[in-house]
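Engineer: Residues per chain are reported as follows:
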Amino acid sequence: MGRFIVRRLLWMFLVLFVVSLITFLLMHGVPGGPFDSEKALPAEIKKNLEAKYHLNEPLWRQYLFYLYDVTVPRVTTEKPSTSLLDSYLIEAKLGNVYFRWMNFGPSYASKTRTVNDIFRDNLPISFQLGILAVIFALAIGVPLGVLAALRQNTWVDYLTMGVAIFGVSVPAIVLAPILVALFAVELRWLPATGWGAKPPFLLGFIPANLAPDFFRYALLPAIALGMAGSAVFARLTRASLLQVIREDFIRTARAKGLAERTVIVRHALRNALIPVTTIIGPYFAAVVTGTFVIELIFGIPGLGRYFVTSVTNRDYPVIMGTILLYAFVLVIANVVVDIVYAFLDPRIRVQ
Amino acid sequence: MATAQATHKSVAMPTMRKETNLWIDSLRRLVHNRAAVVGGIILLALLFVFIFADLVAIQPYDRQVPQDNNKMPAWLIALFPSTSNYAKVTSKYPMGADDLGRDLWSRVIYGTRISLSVALVGPLLAFLIGTTYGLISGFIGGRVDDVMMRIVDVMYAFPTLLLIIIMMAFFRSSFSGIAEEGTLAYTLNGIDSATGGMLFIFIGIGLTSWMGNARLTRGQVLSVREKEFVEAARSIGSGNRRIMFQHIFPNIIGPIIVYETLAIPGYIAFEAFLSFIGLGVNPPTPSWGIMIADGARNIRTYPHLVLLPALALAVTMFAFNFLGDGMRDALDPRMRGTQ
Chain B
1 MGRFIVRRLL WMFLVLFVVS LITFLLMHGV PGGPFDSEKA LPAEIKKNLE
51 AKYHLNEPLW RQYLFYLYDV TVPRVTTEKP STSLLDSYLI EAKLGNVYFR
101 WMNFGPSYAS KTRTVNDIFR DNLPISFQLG ILAVIFALAI GVPLGVLAAL
151 RQNTWVDYLT MGVAIFGVSV PAIVLAPILV ALFAVELRWL PATGWGAKPP
201 FLLGFIPANL APDFFRYALL PAIALGMAGS AVFARLTRAS LLQVIREDFI
251 RTARAKGLAE RTVIVRHALR NALIPVTTII GPYFAAVVTG TFVIELIFGI
301 PGLGRYFVTS VTNRDYPVIM GTILLYAFVL VIANVVVDIV YAFLDPRIRV
351 Q
Chain G
352 MATAQATHKS VAMPTMRKET NLWIDSLRRL VHNRAAVVGG IILLALLFVF
402 IFADLVAIQP YDRQVPQDNN KMPAWLIALF PSTSNYAKVT SKYPMGADDL
452 GRDLWSRVIY GTRISLSVAL VGPLLAFLIG TTYGLISGFI GGRVDDVMMR
502 IVDVMYAFPT LLLIIIMMAF FRSSFSGIAE EGTLAYTLNG IDSATGGMLF
552 IFIGIGLTSW MGNARLTRGQ VLSVREKEFV EAARSIGSGN RRIMFQHIFP
602 NIIGPIIVYE TLAIPGYIAF EAFLSFIGLG VNPPTPSWGI MIADGARNIR
652 TYPHLVLLPA LALAVTMFAF NFLGDGMRDA LDPRMRGTQ
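Protein chains in written order, with the working numbering: chain B, 1 to 351; chain G, 352 to 690.
Here chain G stands alone, though its shape is the one from the complex (with noise of 0.2 Å):
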């Protein structure tokens, strides 16, 4: 990829159209691949649902009716048999209701909302600062190289999970009982309630998942910043800045955007995790994460509060996993069949 777009750059032939047949050719080796057209048509889904939650779902997902708690519909009971000596049924709740007489249906379409937020967010921080600190990496080069790259190091010895535990513990008991308004703490607590908890999710991720990306990108400045067309660039004058954005950056952004897809059902599963050892979102605010937790407890008695959430999750991971590696497949062919 890189290579013929170097040999059309250093013989000066307009580049717009091969840059748009790169993307095109792409997209046609995707459409081919059926298990990335699944994947892409159940996230088409899942953001239809994302965005019309409120239709979609039948009452908000923290409305309480207490004596309906753990009521089943007649289908789950057929479903788990040995339900049926203790279970109360009802037909309000398509799914039934959670063991606080909350519908479970309505939670797990809002629960869509927190994870697909996570898909989003997630990549787009690890990129911002992974790919920054990369690009700077490659492109000075020399001392300042090997100092980033071993803080990196570093930053990979450090248990992940650990470190995002103590984080989260930081950050909710550090920025919770500040109440001067006007402070940076202030606020941020502010955007953390508001949200249900996921700004300190988004940070957590954010500080722990940019190394990835950053070893990678530094990989691929490092191939690249050596070749004609950069070499071209510099001899008719153009600055630091320009060739790092304008004619770096477009040459390897392929395996990037590769290796964030790859890597969101990564981030799901961290929030998931989060949320489920309870340093994640906020109760009542619908994680599949909390509601997996919730229902574990209740395991033995009524399974299907742990397994609806369950299959809701998994679903939406796989759906990541199959256009993702879908992706990589049609934006580099050569990489196909790999990790």
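Same shape as in the complex, but just chain B (with noise of 0.2 Å):
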């Protein structure tokens, strides 16, 4: 199990590695950079702001400085000095020595902000989002999924998968339009855009005051983000009970007498959600790209809109930054399911 979890933590890295090769790649092979604006700036101005962020080197050196920048610590004894160019993720003090991590660069496009402010205030909003997103998804779905299959071939479960399917059919695009000008604009029960929660967070992402008012601003986007899991959720579920219900062990629970509550619930679900478990990984791949939408919809300050910005912009390292966040979160994501996969189903956990 521990050789298990090394080698997928060292595949991750791998991972981590080639996505950040490719961006870096991709994004410099886009013509035009950081500087060139409608306006053209003076030639010796634009080359001393391309020293400053060492852009004028060699493609490689760049690559390298970024990588060394990102992963190696920094340890000094007296206190760093804070600038722009010098913003660390990662800062604490221990004992009299300064240990600082991951720097991941300015921001261009802005004079005061870095990618880690970025980090600190507007992903934590994105993963509010994907977290009730799933939530929803899971409450709704699951539950339905356990109706439709008990209440197999009758009006119910026609009535479920037909929902479902709408569900599936439904982009967040298509949905979240149609929640804001039924709910928000004919209806005028919540709010059409903006978010109820602004930083700082209690542990980096819990909102301070958690206020019916963030509810009514976060409903419609979880509801836009999770139908379409919910959707996912309650077909898997049905079908992953219907094959668990026709197994022998559970002829033989009945047989023993158990009540039907306690088949269904013990050891009919208990299997039934192991394949559940097993999408959820693609799901949350899934819910966080989604957020981007969601965000452009509803208008909410979450990591979203700096996808489209900063690729226009050529700001690189928000590219970068933003662009190696989404791939952590997709590939730890798959880690912590394949563990738990693992971990719930023996046959595997032996290989």
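Everything labelled a hint here was simulated from the structure, so no lab data went into it.
With the Cβ distance kept under 8 Å, some of the chain G side facing chain B (calculated, not the full set):
{"#": "1", "residue": "Phe509"}
{"#": "2", "residue": "Pro510"}
{"#": "3", "residue": "Ala520"}
{"#": "4", "residue": "Phe521"}
{"#": "5", "residue": "Ala620"}
{"#": "6", "residue": "Gly640"}
{"#": "7", "residue": "Pro654"}
{"#": "8", "residue": "Val657"}
{"#": "9", "residue": "Ala661"}
{"#": "10", "residue": "Leu664"}
{"#": "11", "residue": "Ala665"}
Taking beta-carbon pairs under 10 Å as the criterion, some of the chain B residues facing chain G (in silico):
{"#": "12", "residue": "Trp11"}
{"#": "13", "residue": "Gly162"}
{"#": "14", "residue": "Pro171"}
{"#": "15", "residue": "Val288"}
{"#": "16", "residue": "Gly290"}
{"#": "17", "residue": "Phe292"}
{"#": "18", "residue": "Phe307"}
{"#": "19", "residue": "Ala327"}
Here a beta-carbon is modelled for each residue, glycine too, at the ideal position from N, C-alpha and C.
Since each chain comes alone in its own frame, lean on the hints to assemble the complex.
Structural biologist: Below is the structure:
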């Protein structure tokens, strides 16, 4: 088990390395630079700016600089000065030693913010939205799937699965405007845009005041983002439960005279939910990228808007930072699912 | 399916009739599935609109009458009562005009062409790249297979959406400024502008969506290539290429078709999303994604501008999902209810 986890983690670092390399090459392959604007800068100023950010160096050196800044921790005894070029995601004081790690660089497009600031202020909002959507998807999808399987081939089953196909067919860019038009514009029950929480956050991501107002803002985006997932979960739970309740051990459990409730919850559901846990990983990936659409439509100040703007601005550190962050989340989600899966299913642990 | 055919092949019975029976059986199961039939009928209607868009639309999608902007027909005002305070009424346009004074109906109709061509070309590209890749990987096996599948793993870990955003930025800005005739970039850019920006979308989809198909094909090849009929073909001296395309390929095509049919709504949503964020088709090409993005800006005042193209998109994806589900159940009854 330990070796398995170590192998997965090593694989993760390899993937992140390849992703960073491909992204770096692609983004420098796009013509134009961060300091090309409608009104051209004087040549000397542009040259100085490029020198400041090492953009005048050969590409391979720029890449090595970047890798060095992100991966190698800095340890100093005197108090380090902080500037936009010298800001670290993790800063700690251990005794009289200053420990600083992960410098993702400044944002060229902003004069006051670094990529780390974006991670601290905007990422938690995307994260809150994503978590709420996953909770919504699971809370709606799994019970509906169980219900449909237990009432197989009745109207309950047909209705649930019909709704599920509907849920799969309606992408967020369709569902979100419909929800806004209905609940925010016509009925005026909920706000159409905005987000009910501001930095700083408790533990880095929990809104400081979980007032009803937070949920008023979060409800529509979370539903729009989680709907497709709830449909997927409902279909998968149903299929998997249908398969499990035909197994011999379920018949054994019934033959022992266990209550139907115990048979379903303790014997059937525990096994039926194993495939569901495996798709939480890929689903998390879909949510992570989906937040981006939802944030654009609902005007939520999350990480999403930085994707398109950073690419169009050629804001290299922001492109690298956001893509690496998303890749990291995806890979971690997959590793965690693999490990959870191995714990849930003894047959896999043996291999 | 594969085993049934394998036994027939190994006792050297005439295989043609059996093979057609498989497809006819599937077709019969498909026709008995009401949801799939509904999906199929909707798709036929969409195909009709796709071909005869010039007749169904009442004017070209890019004709602008600026003073008609945001005018609404009476039935839409009745549907959205809050607009009655400020909306100008017209009967010239069946669904009203958008914020630039273009007929919404015609634009939604021409939008069918964008979405359906993605629905046709997307799976085709994923099929060509992914299936070839998977066939080679599974058939050669060993070290080559290992390396090829690791590449797929890395591609899987790459956030597809972000990759395609960078790629679209790359295509758009590196090819658009090139004026020298005869270069590949110039030709590509010419085709792209002639298709309203569709070429780069196709390339983007092709490069980012072949991995699932490659994995599926490889798995299928592995499960089939040790079967008796492959051995039989080898023993009578068939070459690798013949075994791959004449013997293995027809036996694994069913699941691949199902997989790609079920992937179609994803491709459609992908194009709509790209156009939505401004990296898809070039305006004024009427993609539903662009129309949703334009409409979303005025959603508080004119909600119909976003809802009608959104409805068209949802119905199309609905139809493909219904048909895909039905095809899965029909082609391989064992897969019924899974996924």
